[in-house]
Each structure stands twice: as structure tokens, then as C-alpha cells.
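Visitor: Taken in sequence, the protein lines are chains A and B.
Residues in the first sequence are numbered consecutively from 1, following the working numbering.
Residues in the second sequence are numbered consecutively from 1001, following the working numbering.
Check the hints yourself; a few may be wrong.
[Claimed, not checked] Taking lysine-lysine pairs in the BS3-like style, the calculated list, with each CA pair at most 25 Å apart, reads:
| # | chain 1 | residue 1 | chain 2 | residue 2 |
| --- | --- | --- | --- | --- |
| 1 | B | Lys1067 | A | Lys22 |
| 2 | A | Lys41 | B | Lys1002 |
| 3 | B | Lys1056 | B | Lys1101 |
| 4 | B | Lys1096 | A | Lys40 |
| 5 | A | Lys40 | A | Lys22 |
| 6 | B | Lys1042 | A | Lys40 |
| 7 | A | Lys22 | A | Lys41 |
| 8 | B | Lys1096 | A | Lys36 |
| 9 | B | Lys1002 | B | Lys1101 |
| 10 | B | Lys1101 | A | Lys36 |
| 11 | B | Lys1056 | A | Lys40 |
| 12 | B | Lys1096 | B | Lys1002 |
| 13 | A | Lys41 | B | Lys1042 |
| 14 | B | Lys1042 | A | Lys22 |
| 15 | B | Lys1002 | A | Lys36 |
| 16 | A | Lys36 | A | Lys18 |
| 17 | A | Lys40 | B | Lys1101 |
[As the list claims (entries may be wrong)] Here are the computed distance ranges between Cβ atoms for each label pair:
| # | chain 1 | residue 1 | chain 2 | residue 2 | range |
| --- | --- | --- | --- | --- | --- |
| 18 | B | Tyr1071 | A | Pro8 | 29 to 35 Å |
| 19 | A | Thr112 | B | Lys1056 | 43 to 49 Å |
| 20 | A | Lys22 | B | Ser1082 | 37 to 43 Å |
| 21 | A | Gln82 | B | Ala1017 | 43 to 49 Å |
| 22 | B | Gln1080 | A | Asn57 | 22 to 28 Å |
| 23 | A | Val55 | B | Tyr1039 | 41 to 47 Å |
Just so you know, these hints were derived from the structure itself, not from any lab.
Backbone N, C-alpha and C fix where the C-beta goes; we use that ideal spot for every residue, glycine too.
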Amino acid sequence: ETGVTQTPRHLVMGMTNKKSLKCEQHLGHNAMYWYKQSAKKPLELMFVYSLEERVENNSVPSRFSPECPNSSHLFLHLHTLQPEDSALYLCASSQALGYEQYFGPGTRLTVT
Amino acid sequence: QKEVEQNSGPLSVPEGAIASLNCTYSDRGSQSFFWYRQYSGKSPELIMSIYSNGDKEDGRFTAQLNKASQYVSLLIRDSQPSDSATYLCAVNRDDKIIFGKGTRLHILP
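So that you can see chain B by itself, here it is in the shape it has in the complex:
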């Protein structure tokens, strides 16, 4: 099992809808979780950090963490064409940040 798994996509979502991105991780002891957005040809940009079970909201973004099921998700409400990017999930394992391979999100105008 890969340490951090994401569906590579592309995930196509109509403009204005909710985009749901999922990530699973293998190390039950992981404590910190991050979501990054990467536009094509650009560097990753941190958009959310989450440390506790439950939901964390920041504007149109909501991160959800379920440690018992070992998954973390990112919801994007009212999706905009500018949200089209690759979203990277990252997990802290023993003070190492392990990145997933990313999910490509395409918002359909």
C-alpha cells in the first residue's frame, strides 16, 4: 500500500458545484495533514492544514479528517474555473512530509 494515495483524476466538476477530493494514508500514527494546490508549471501552494478529527473550514475550502478510517478530504464549494489545478495531499509521518501524487481537478465552465 502506498503511504499517501490519491485518485489521479482528472476529476471534472461543473462550475458552481462542490468538488470533493479524497486522500488515504497508511500510517495510523500520522498527526498532521496538508492540502496543496499546484497550477500547471507553478509551485505547490499550501491551502489547508488539519490536525484534529472533524472539519476545518476556510472560505470556500473545507478539510475533513477521519483518523480512524485514515482518510482526509478537501471540499471546494462554489467551484470556479480558477480552481482547476492539481491538488496534493501531504501527511506528516515521523517528521517527514509524504506527498501524494495529486488529483487533477477540472472545473467545467
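Chain A extracted, bound-state conformation:
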């Protein structure tokens, strides 16, 4: 595997389910990010991790819970989501904060 990978690529879940999104970067980077992109809308930064420490949390509802166990892996744990949470969830990584970011292919999430 190369670059940034995300699994699953597609996810359909009910509002009472619990699921997790996984991101893995193979670039040796030290910073990782979660973004949300709703249909035809701009990127919304959700969380930023640098050296496995969360450095930014942009007023994201608590039903989204990030986890960064090491510099190569990032998770987004989901529970009791709402239909408006349906979106493309993008993971990105960069060498360090402020450097160019490389994106994974995204997880297309549908909440029913």
C-alpha cells in the first residue's frame, strides 16, 4: 500500500449503530487530519493530530470521536449519528503541521 488509505470506502449505518472509520498513512508523516465534505460543499476540518496528540477539535459533536494510536493510524468512531452526518469523510496526512496535505480516497457515509 502507498499513500493514504481509508476503510471502508462506503458505509451505510442506522442512527443507532456504532461504527469506525480507519485511516492509514504510509508516508512517514507526523500529522493527520479528519475532514467532512457534504454534497457540493467545502471541506470542513474536524480534527488535527500532530505526533499523536490532538491539536485541534473544530466544535465537532461528541458523536464523532477520534483516536490516533500511533503516527500512521487514525480512527473516527461514530455513534448515534444523524442523517445530516451523511457525507464524504476524508483523512489526510502531512509531514508536519503546515505542510502540504495528502488525502486518502475518503469514506462515503450514509446515515439512514
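Following the hints, position chain B against chain A.
Guide: Just chain B, lined up with the frame of chain A:
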């Protein structure tokens, strides 16, 4: 003033012509600038980075930076239908990458 501003478009350009995409930013201290291309339903892809005033060329793409006027632009020469996408400008402000909302580019065959 928004931190990173782009015209949302759509910008329609005939095939073979030059497409010119513009971006302005508010923080005069910004040092790094990036252009991403995003096809519909796909993730953003980095196409250019620029750090110094002037032009930087990579194939059909040229990024132009003018820090005094606080703008960065992307020129696409010999536009192809495959260039039809949304182009995102991104700026480094205090080690945060701020993305613009993007310009939709449509290349007319």
C-alpha cells in the same frame, strides 16, 4: 474578509485555451501556498505547491504568487476536458492549512 477567497464559478473555458484560476488570502504572513484538484465525488489531489514570489511551472500548470498583493493563481495551458474539476486553493497560516471553497472549472469540448 474570508481567509482564503476563490470565485466559486463555474468557470467555462474552451478546450485548448488557458484556464486562469485566482485566489486571494488575508494573512500577509502566509508563507506556503497549494493548489488541489478535486473531481466530483473524489478526494482532493495536490497539484502544485509554491513558496516564493513569481512563477512555478510543472507541465501544463503554472502557479503564480504575489505576496505583496496577497494573491496566488493557477494557469492551465492547453486545457483538456479532463481538467474539468473543482480547484482548491490552500494557504498555510501559522502552521494551519486553510482551504478556500474552490472554483469549479468546466472545459468546453
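Visitor: What hint numbers does the structure not satisfy?
Guide: Structure breaks hints 1, 11, 18, 20, 22 and 23.
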